[in-house]
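Knowing the structure of chain W, use the given hints to seat chains D, C, E, P, F, V and X on it.
Residue numbers (numbering that gives the first Met the number 0), protein chains in the order written: chain W, 0 to 234; chain D, 0 to 234; chain C, 0 to 234; chain E, 0 to 234; chain P, 0 to 234; chain F, 0 to 234; chain V, 0 to 234; chain X, 0 to 234.
I should point out that these hints are in silico values taken from the structure, not numbers from a laboratory. Glycine is no exception: its CB is placed at the ideal position from the N, C-alpha and C atoms. Where hints are given, some of them may not hold.
As the list claims (entries may be wrong) - The following residues of chain C were derived to be distant from chain P, with all beta-carbon distances above 10 Å: (1) ALA61; (2) THR93; (3) GLU125; (4) SER226.
What the hints assert, rightly or not - Computed beta-carbon distance windows for the label pairs: (5) W/PRO92 x X/GLU91: 30 to 36 Å; (6) V/THR60 x W/ARG42: 40 to 46 Å; (7) C/THR60 x V/THR60: 26 to 32 Å; (8) C/ALA38 x X/HIS45: 58 to 64 Å; (9) E/GLU29 x F/PRO224: 37 to 43 Å; (10) F/ARG42 x P/ASP129: 57 to 63 Å.
8 protein chains.
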Amino acid sequence: MTESDPLDGIANLDLGRARRRGYPEAVYCEGKTTEQVRAIARRFGHAGGPEAGAVLFTRATAEHAQAVLAELPDAAHDELAGLLAWPRTPPEPTGELVVVACAGTSDLPVAREAAMTAQYLGRRTELVVDVGIAGLHRTLARLDLLRSAGCIVVVAGMDGALPGLVAGLVEVPVVAVPTSVGYGAAFNGLAPLLTMLNACAPGVGVVNIDNGYGGAHLAAQITAPRSPRPAAERG
Amino acid sequence: MTESDPLDGIANLDLGRARRRGYPEAVYCEGKTTEQVRAIARRFGHAGGPEAGAVLFTRATAEHAQAVLAELPDAAHDELAGLLAWPRTPPEPTGELVVVACAGTSDLPVAREAAMTAQYLGRRTELVVDVGIAGLHRTLARLDLLRSAGCIVVVAGMDGALPGLVAGLVEVPVVAVPTSVGYGAAFNGLAPLLTMLNACAPGVGVVNIDNGYGGAHLAAQITAPRSPRPAAERG
Amino acid sequence: MTESDPLDGIANLDLGRARRRGYPEAVYCEGKTTEQVRAIARRFGHAGGPEAGAVLFTRATAEHAQAVLAELPDAAHDELAGLLAWPRTPPEPTGELVVVACAGTSDLPVAREAAMTAQYLGRRTELVVDVGIAGLHRTLARLDLLRSAGCIVVVAGMDGALPGLVAGLVEVPVVAVPTSVGYGAAFNGLAPLLTMLNACAPGVGVVNIDNGYGGAHLAAQITAPRSPRPAAERG
Amino acid sequence: MTESDPLDGIANLDLGRARRRGYPEAVYCEGKTTEQVRAIARRFGHAGGPEAGAVLFTRATAEHAQAVLAELPDAAHDELAGLLAWPRTPPEPTGELVVVACAGTSDLPVAREAAMTAQYLGRRTELVVDVGIAGLHRTLARLDLLRSAGCIVVVAGMDGALPGLVAGLVEVPVVAVPTSVGYGAAFNGLAPLLTMLNACAPGVGVVNIDNGYGGAHLAAQITAPRSPRPAAERG
Amino acid sequence: MTESDPLDGIANLDLGRARRRGYPEAVYCEGKTTEQVRAIARRFGHAGGPEAGAVLFTRATAEHAQAVLAELPDAAHDELAGLLAWPRTPPEPTGELVVVACAGTSDLPVAREAAMTAQYLGRRTELVVDVGIAGLHRTLARLDLLRSAGCIVVVAGMDGALPGLVAGLVEVPVVAVPTSVGYGAAFNGLAPLLTMLNACAPGVGVVNIDNGYGGAHLAAQITAPRSPRPAAERG
Amino acid sequence: MTESDPLDGIANLDLGRARRRGYPEAVYCEGKTTEQVRAIARRFGHAGGPEAGAVLFTRATAEHAQAVLAELPDAAHDELAGLLAWPRTPPEPTGELVVVACAGTSDLPVAREAAMTAQYLGRRTELVVDVGIAGLHRTLARLDLLRSAGCIVVVAGMDGALPGLVAGLVEVPVVAVPTSVGYGAAFNGLAPLLTMLNACAPGVGVVNIDNGYGGAHLAAQITAPRSPRPAAERG
Amino acid sequence: MTESDPLDGIANLDLGRARRRGYPEAVYCEGKTTEQVRAIARRFGHAGGPEAGAVLFTRATAEHAQAVLAELPDAAHDELAGLLAWPRTPPEPTGELVVVACAGTSDLPVAREAAMTAQYLGRRTELVVDVGIAGLHRTLARLDLLRSAGCIVVVAGMDGALPGLVAGLVEVPVVAVPTSVGYGAAFNGLAPLLTMLNACAPGVGVVNIDNGYGGAHLAAQITAPRSPRPAAERG
Amino acid sequence: MTESDPLDGIANLDLGRARRRGYPEAVYCEGKTTEQVRAIARRFGHAGGPEAGAVLFTRATAEHAQAVLAELPDAAHDELAGLLAWPRTPPEPTGELVVVACAGTSDLPVAREAAMTAQYLGRRTELVVDVGIAGLHRTLARLDLLRSAGCIVVVAGMDGALPGLVAGLVEVPVVAVPTSVGYGAAFNGLAPLLTMLNACAPGVGVVNIDNGYGGAHLAAQITAPRSPRPAAERG
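Isolated chain W (complex conformation) (with noise of 0.2 Å):
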């Protein structure tokens, strides 16, 4: 409640960084025409090569797909997880390792999102489809590779236990992607997404359903390499 403006020294703040750190653009297709995807693809092809930097498109249908193949046609496409990234060629891994772990084949689109992101955003990736609580012993059976990772991005629908249960069995964090898997009273994810939120294991951090992108998206940048950070005034 001070009324000395505090923004009167911010003239070089430097918003633009997180941008820069090398994370592609993400464009988000859901509720574009496909003339707006095209359009976009473009710019980027136009502006040259990886120095303009790179991009995803996430959550594109096969006509979407199709718009930002005929602009950039070296992307690479996951038609099942419906996510294009251009330029093709992944960055040089750096950090700690990423394990994307799903219980199975109903919940693999949002996993490969996952997985293909957080390659993208310059992790290792590991991707564990055959895992699951009401199979524990397939979980306890990866437990090597589980705890080899730095973050663990678990996708789950229906009951959505799996994340809760990996918390419970590793030390690093774990980013819990809910998905729309499941019977009606699965309404569409809410129920894994509440499951998540309440699990008893602490160290779980919970993104929106079917949002592999930004479940990948913060593991990324859990464990990306630690730069020192600026010493700070303190409060």
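Only chains D, C, E, P, F, V and X this time, still in chain W's reference frame:
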């Protein structure tokens, strides 16, 4: 849509049969005045000995309990569970073992309501408190006991993941009782309720939030001694 | 909170036991591509005869079904239920009778999924379609059949009142399956789901909306032949 | 969308007519201070005898009631229902019988509010407490009384199935009043509300949760003596 | 809690009476296959003339309608309402006038379902389309017609305020039918549903979202010719 | 997506301007301890006369109010509204008239919070309590006053239909404030909130449940004296 | 509660005044058949030139648009917004500037509906697309334009945080329009709707989800030229 | 679906490792009786000095706190946060800085629970109270501090927009903790929870409502000193 009335032949329906199995009456105290509860207790007391029928008073506050005990001084009373049983001596157990399992202290009122109910409905009952998904090894350590049951009542709040975990480990039916224990996004039991309805492992039947009585009643029916069923015409 | 690790002694855990009871695997087709479903079907087909294990494909669209039948041409297929079973011949029934009851045509897909599932899990099964709370006499007319069951699966949409009504008339457990049938305020099955969870008569275990498979699986476990339980140490 | 203002001709609108039928005013006490309720009561008292108009005070706490009785000492007061009526003598009944039915003690406050309201709105009223879907025979035993009514107000919490059951048994309209009685997943009356809106049997009109006053008011209108309607131009 | 079974004396229950009043059967087509609907229609056609009973087909798609008309070519069909009635000629009207009112074109399918249903249930019916709370004068201009009814069915989406407005202007009961018409926060009818349940003016009974059939059925019961009720013993 | 940082040029941003318009600070007391509220009040008191800035304390309990008055003894205090204003003398009114309207006593706390807030933000204010949709004539009788306002704040619980009704009768913007007053299905203000968001008449802006302060603040901005806007470059 | 009817004197009410301000009629096409929309368009066309009144067709699909253009070939049509305006030429702008702001492409349909509506309701309008909370600098870069408005319509999906941010930066009222854009837990606009209702900065009035028309209408009223208000008697 | 049991080789699983990292045990007091909490505290006290393990008591009422302090008199106690820590001396900080940020006094209990938790889990911690989206300049003024953290825990009620704003300004992960602070439509934290899940800026992981403990635990894991991960076989 046939018009001949099939009720013509049902004059000798025996709708009261369920009640005569020896299961006690249950009086749900919540929303009743102390006077009303006392009057109901008095009616049971006046009727005489055990042949008059047993009775459970559920969700009884301290005031309710006092009113019941004024009329039925030898009733059994579990304060934490808010449950009274009369007559004090439970029936000789028949059927199969009912195991009631929960993770810890906060779920104990509901778990004890369940265990005591199963006992007064005539089952051998075991209460296991020290299990949970966040401490997986504690659950696995009790597997032998869990597998010796004819039905397991799993009581859980927060993420409600325990019933699904247990159902994946045993052959017998699991009755899941969500509780209203937890932080805000548990929404007073909605979160564990949805988790249980969406359990990945089949074999989970869900009852109402905090309804330890109902869960145990279902379990007692599942584990009841099997009588020969009457033959019936087919549809 | 004891620190000695109880998992030290569980090296010979037998977590796969449930799967070896002879219950078929279940493949939930919703959210899977046709190619994925076909690949799964192929794996079962390659494995050889019945000793390789039976399998159910649930929630299969016409395209899914076509893919399964291309690989397993002799699979049984109920189009209305969206269910396929392979091998075609169900196991010889054991245990007690499972009755599946619903009010009418709109709930039939879920009811038939339940009836067919119970049959392929090894139970004698009866499907009763002509019961309901609005036509009470029709329910009462089937009381003899209902009472001859070891467990009744009641499938209901709209007000979902039928399971509670049935539970008040029989001794055995009722498994309630809400369906997404109904006008707007049924909210795709939420209304009957809540009704069933709040059933006034005890003895109702609820499963997920439209989950005929899950309801029948639970019923099959409830009615399974009773084996002698292993003795276990007590808590 | 015609522009000539049809209100030009309605100078002699008689909007006050409904109020002049002799139905008492109703004062909703919840959320009012004791002082406010007392001031309102005083105004009625000052106005003089019955010709000043009757009044109901609904949802009155003990403090509210004390305030009313300080001003209108001869008012009738049902503590359980939280309802006061003044003058004490209800009008001579006209029209058809209103039956108010509920399952038991917990719903009694709302049921008695309904019965007393119907009485003070000028109807012959019967209150039936011992009916319910879990004890079907008790409902069927009262069928003669139910069928002698011009309208039945059914009050129910928990699963809220009773109105639909009754509607399937009688010819007359059923007014359904959900109550906030029940375990967690009743969600303070939401569950029975949805059940009633989805009742399979037609002929059920639903009012607000715990609104015994409103339910009885609607029933009183349905059972009012029929006056010759004025002839009207057609649309 | 008395044990002598009151059902002993109900062998001559007449549960079919409601159905024999002459109200047609109603077949809810949603969720039924075209083949199922056609089979039902055929059964009515085979049974012969009007003495076989009339029938309404509600929520019929174009395909459903075609199936019905193939079997009952002279059925009346309102495409907008998705309603078919057979036989084509409605019964001679008895009882009091039913007015169906809505604000405009978007609510017309439900309003017409209601009006046509009331007509085929034997009431004189008027449909008023041009009323609404935003154009208050149009409602007031129709007051004479509204007041000549024995019951008014008010159909409204969006804010659902019209039934409460009408109830404040008339003496007779209002049956409120919320519709799923409106922008996002109408939540497919939830908003008008809640509005109607909370109507400030008493005298509003609410039915399910988009359930014009149900609303009209209730109105037809309210306006039915009054028969002398049988005398009944009192509670 | 241009990379040159537009913030480079915003060193002389004037973000504090809104606060300097002369609107008082507002302290939301709910969730604060008495000590915290008293400390805040003390800070205002120490700062000296009106030039230090005015302040409103909203949602103040009796204890909060006592704490404020201990530090600012001459503050104005409306107990019903839970609002304190300091300094006691409101500013000289400018701009246009703000009318605050509600149906009755139960909405009065919120309505008075709104009226008092508008006054202390510098507007001429009228409070109209006796309007409502159930007593339409009372609303119509106040049309002249309503139409003389520059903005109308309509406070309503239960069905929340009043703002839409008023918006259909006037030219100026309506600010709608839902209240938590009402029976169960009002869900603590959710029902009137949805009604207002779905108002059929355009011209309604909605604020939070029970937020009389916020509604009046918006109204004060709408009716503020118009200053010449600075010219700005176009997009 | 006075009984003399105040409506006696309102024969010359002028309820049609709002409509005569020159704002066009609006036809909400959703839920209307193509034929209905065409018939409405024809009626406007037949009536003749602009003096017959202007009209907007909102939420028009491609088919709706075709039907309108068949009758009103010179109507303006924004496909993305699903909006048609007739006559094509908007009125000469009066009052203050309306700025419509949104973050990006996905919210564009709603934002353009708002901008075009404000223009056809007679305001000077600016559309700003490139602002957002995640790219704060872009919002700050447009502060001059935002501050030159008389009202700002902020359109936002996902977290819906933009209106609160803008309200903290300007003096004028903000009209917030939530959109249904976003991942699962946006719940089709529920999330941004709640965010906007809870905006920490006062001065935000919220309208329905995706209701760009409604938001712009309110903004046009807020920014309308101020006419001298009639004097009115006080309450 | 391979049948060889992978659990055969996991006899030496080390599930207790997470607990041995030196993080204290946490006892969630809500729902526990005072006696239960005291008994737990006693157990820790009896075990002896710090080598017995540290412990946090969260969500402790004044009574809970008194019980803990009776057994562990030298425990640290933050009354506002309802948190006790024992032993009193936090561990020597390692890893990176955790900044906890909130807007003001109402969120302080949760924010302080978070800050104190992070400290006792071994992190250097800063608490920033004076930031918020409505007073943007205050947030920007603390950017240097925010950017010096390894993880920022943002605590916010009402619109919950602050975490998304912060995430757009920094490179490191943001842990978002919604609080139950706010007016009605905040729905006890649901609104900020949804806002945070839908944050436009990536890099936000959400935990449960009011769960300052859980948020800080996750942050402590994110900022933990990095140990060399074990090499693991790949999937």
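Status of each hint after checking the structure:
| no. | hint | verdict |
| --- | --- | --- |
| 1 | ALA61 | holds (13 Å) |
| 2 | THR93 | holds (34 Å) |
| 3 | GLU125 | holds (21 Å) |
| 4 | SER226 | holds (38 Å) |
| 5 | W/PRO92 x X/GLU91: 30 to 36 Å | holds (33 Å) |
| 6 | V/THR60 x W/ARG42: 40 to 46 Å | violated (30 Å) |
| 7 | C/THR60 x V/THR60: 26 to 32 Å | holds (27 Å) |
| 8 | C/ALA38 x X/HIS45: 58 to 64 Å | holds (59 Å) |
| 9 | E/GLU29 x F/PRO224: 37 to 43 Å | holds (41 Å) |
| 10 | F/ARG42 x P/ASP129: 57 to 63 Å | holds (60 Å) |
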